[in-house]
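**Q** Each chain is listed here by its residues.
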Amino acid sequence: MSSVRRVAHLTPAYFSPDSYVGGGERYVDYITQAVQGVGGFEQRVFTVGTADGSFERNGFSFRVLGNESSLTGQVNGFSAALWQELPGFDLVHIHQSLTIFGAYSTAIVRSLRIPSVGTDLGGGENTLMLRGRGIELFDGVISISEYARGLLDKSYSGLHEVLVGPVDTSKFSPDPGSARDRSKVLCVSRVVPHKGIDRVIAALPPGLSLTIVGRVYHEPYYELLRRMADGKNVHFVVDADDEKLLQLYRTSGLFVQASTALDIYGNAVAKSELMGLTTLEAMACGLPAVVSNTGSLPELVPDPRFGLVFSGHDQLCTIFGRYSTGLWPENGAGALARAHVINAHSMDAIGNRLTAFYEHVISDHSKQWTQCGS
Amino acid sequence: MRILIVTNLYPPLVIGGYELACSNVAKAMQARGYDVRVLTTWCHLPQTSEMPIWVHRRLDLHWFVPDRPEGTLGERDLHSAICSSYGNTLHLLNSIREFRPDVVSVWNPAGIGGLAMMDLLNQIGVPWTLHLGDRVPIEITETVPRDVLGLFHAQDGSLYERARILSVSQHLLDEIEAVAGITFPHGSDIVAGWADLSDALPHEPYMRGGRARFVAAGGIYPHKGIDLILEASTQLKADNRDFSVDIFGDGDVPRYVDRARSLQVHDRVRFFGPRSQAELVRSYSGYDAFLCPTWERDPFPFAPLEAAGCGTPPIITRNCGTSERLVDGVHCVKIERTVDDLANAMAGVAEGRFDLARIGRAGEQLIRSDFSFDRYLDRIETAFREHARPWRYEAANDPSLPLLAFLKHNLSVSLRFG
Chain A
1 MSSVRRVAHL
11 TPAYFSPDSY
21 VGGGERYVDY
31 ITQAVQGVGG
41 FEQRVFTVGT
51 ADGSFERNGF
61 SFRVLGNESS
71 LTGQVNGFSA
81 ALWQELPGFD
91 LVHIHQSLTI
101 FGAYSTAIVR
111 SLRIPSVGTD
121 LGGGENTLML
131 RGRGIELFDG
141 VISISEYARG
151 LLDKSYSGLH
161 EVLVGPVDTS
171 KFSPDPGSAR
181 DRSKVLCVSR
191 VVPHKGIDRV
201 IAALPPGLSL
211 TIVGRVYHEP
221 YYELLRRMAD
231 GKNVHFVVDA
241 DDEKLLQLYR
251 TSGLFVQAST
261 ALDIYGNAVA
271 KSELMGLTTL
281 EAMACGLPAV
291 VSNTGSLPEL
301 VPDPRFGLVF
311 SGHDQLCTIF
321 GRYSTGLWPE
331 NGAGALARAH
341 VINAHSMDAI
351 GNRLTAFYEH
361 VISDHSKQWT
371 QCGS
Chain B
1001 MRILIVTNLY
1011 PPLVIGGYEL
1021 ACSNVAKAMQ
1031 ARGYDVRVLT
1041 TWCHLPQTSE
1051 MPIWVHRRLD
1061 LHWFVPDRPE
1071 GTLGERDLHS
1081 AICSSYGNTL
1091 HLLNSIREFR
1101 PDVVSVWNPA
1111 GIGGLAMMDL
1121 LNQIGVPWTL
1131 HLGDRVPIEI
1141 TETVPRDVLG
1151 LFHAQDGSLY
1161 ERARILSVSQ
1171 HLLDEIEAVA
1181 GITFPHGSDI
1191 VAGWADLSDA
1201 LPHEPYMRGG
1211 RARFVAAGGI
1221 YPHKGIDLIL
1231 EASTQLKADN
1241 RDFSVDIFGD
1251 GDVPRYVDRA
1261 RSLQVHDRVR
1271 FFGPRSQAEL
1281 VRSYSGYDAF
1291 LCPTWERDPF
1301 PFAPLEAAGC
1311 GTPPIITRNC
1321 GTSERLVDGV
1331 HCVKIERTVD
1341 DLANAMAGVA
1351 EGRFDLARIG
1361 RAGEQLIRSD
1371 FSFDRYLDRI
1381 ETAFREHARP
1391 WRYEAANDPS
1401 LPLLAFLKHN
1411 LSVSLRFG
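Residue numbers (my numbering), protein chains in the order written: chain A, 1 to 374; chain B, 1001 to 1418.
Hints in this document: simulated from the structure, not taken from any laboratory. Small disclaimer: the values here were computed from a predicted structure and weren't measured. Don't be surprised by glycine CBs; every beta carbon is placed ideally from N, CA and C. It is possible that some hints are incorrect.
Stated by the list, open to error - FRET-style restraints, in silico, Cβ to Cβ:
no., chain 1, residue 1, chain 2, residue 2, range
1, A, Ala240, B, Thr1183, 56 to 62 angstroms
2, B, Phe1417, A, Arg305, 36 to 42 angstroms
3, A, Ser155, B, Phe1417, 21 to 27 angstroms
4, A, Gly88, B, Gln1170, 33 to 39 angstroms
5, A, Gly158, B, Ala1278, 56 to 62 angstroms
Build out the structure end to end from the sequences listed, making use of the hints.
**A** See the structure below:
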């Protein structure tokens, strides 16, 4: 690569209380950091808000474009100012690509003939992009898990890469000075039914404690969990900050993620767990993990030495039993988990693979348009 | 040079002179040796002569269907007419792929989903011209929601940046700027209309037998000033002027026949229905003045130019498009668009206040020297030649273009109608 590549990231919201604090927005933050770590790329994040503006954060340039959509909802915002803002970029990465935001942005980016990459972060399932095959307008697609890739395979036939992560493994790391309590099971997720926290409480045996970390987004479910926890050693931490969360990762003995496609109320949940980032963060901190067979979760724990998958109550009870009695995992599981995350999901690993993919897309696009005569 | 002409209406389906002009230009360019193809809409009328094979009637017409009852245009029809008609966009793409034009000449794209079609031309990068005979950019800006305009890069004048603009009048360009805020940064050519005088006859003596003979020709609609003509005639009759008015054209004729009767001027004002251009030109020699009290924003009525070329002075609305080519008192008589002003001018003719012969001669001289069809065609040909430049036909073969147009079309519908 002989010169600096200019990459624009388009996202309907950015990770901030001023915009939205969600996994999708955090993902964009992480991706830009991962690319920055590789070097050779100049990046700018474009998003929509109530008014035009620009700001810098952590060394990155953010451009907020006034929302022109009359539709409500974060992922339904868009701006035609992209026509003026994007010329000159070598590649545009459109996040939340299966939303109105994604469709509108795709139409403009493709019209400008700038190489484009799309990523579904679970914000929508826009019919025009999927069944209408608008997704085929992307020069490349990044899926955040094999599971996510499988959801798009019927609709997309172009370059497709799976990048699970990235995780900041320098931040999410074990602390040799902190003692672990092996009896302490940690569950980190928003308190909503499809996270399946009820399944963990139901299977929790005597002798193990459970700490549930996450904001409450569903009060009736929270009430239900508290009733189920009665008589068991269960703690809720609903207002943990990053520091507190890290401390819990470093002092717990086991991580559990029990998301489900059919919640306790009988509701089916689409695209549950496109990527279980908290599982990877826990493993990066040296925690063995137990995950449900939902969405992307099984692919996060490819080695039974540090991760197991359960499909129902009985299996989870069995795993808890083996864990309580010391049958699983063997010593060194935490180090194996961390090594796996560093190797496959770290900033460096993802940054290198993502920038290689960007280069591939730019090169293919250039060949294609040379053939098309532009 | 291969020229692809895209337009909404084409003879025999016409509203006025603009469609005839398009047809005449197409035929004349063909006669000059250019390879011409016309992409236009269906025609339900029986066609008296065989349509040339280079006229492709593949487009659907969502608006401006002549003689369709008023009030039947729904919001979705309007969207298809002005913003995007996916089928028509694909037909344009296919025509470009098949024909490989050196230049695409867009005439009136209203009624056929012109916004998406012009956007497609920009995507492909084919050189194109826009022949402004009416306020199409305003129609687009006023009828398409802003968020949808953004999808096609049309919130400002960006849509037209790559086009060479040919306008029938400065008045029209001024109106587009004043109403829609759209200017054309690369300039525009004023290519006014013309008069084909090959069928013209020497003018007969003016005011034969002391009678003032007026003529009008065009659409029989309020905006063309038919009501004004009838009311002014009422005044003249009340003043015992010796005059007659013959009105040629199609439109709301029965209503105006009744109106003339109710105003008691049916003995002075007669409606004759439509006539061919040649018949009209032959008839003008027998009249003393041509009445054209059209609405101020009429971009360029052709008929008064033809009448002037036949020595029949036009009495014409002061600030319509054609007026900017004629000098008041020299080639025509300009009026404010009021009954009183029109009646005063008609009375002036009847009283002999105007030197009709002098004005008639000056008009004839001007039209024959400056507004010949050949001269008009030369200017259009020059514009085509200057704007046509090499472009890579393969760009039109990008297999994703139909998909991009599909996404834009359906997104525009979805944003507008939910």
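**Q** Do the Cβ positions of serine 155(A) and phenylalanine 1417(B) conform to the proposed distance bound of 21 to 27 angstroms?
**A** Roughly 24 angstroms apart at Cβ, these two residues keep to the hinted range, so it holds.
**Q** Range hint 36 to 42 angstroms: satisfied by the CB atoms of phenylalanine 1417(B) and arginine 305(A)?
**A** violated, 56 angstroms
**Q** Starting from the range 56 to 62 angstroms, see whether the pair glycine 158(A) and alanine 1278(B) falls in it by beta-carbon distance.
**A** holds, 59 angstroms
**Q** Against the range 56 to 62 angstroms, how does the distance between the Cβ atoms of alanine 240(A) and threonine 1183(B) compare: consistent or not?
**A** holds, 57 angstroms
**Q** Measuring from beta carbon to beta carbon, are glycine 88(A) and glutamine 1170(B) in 33 to 39 angstroms?
**A** holds, 36 angstroms
Hint 2 alone, counting from the list given before, is not met by this structure.
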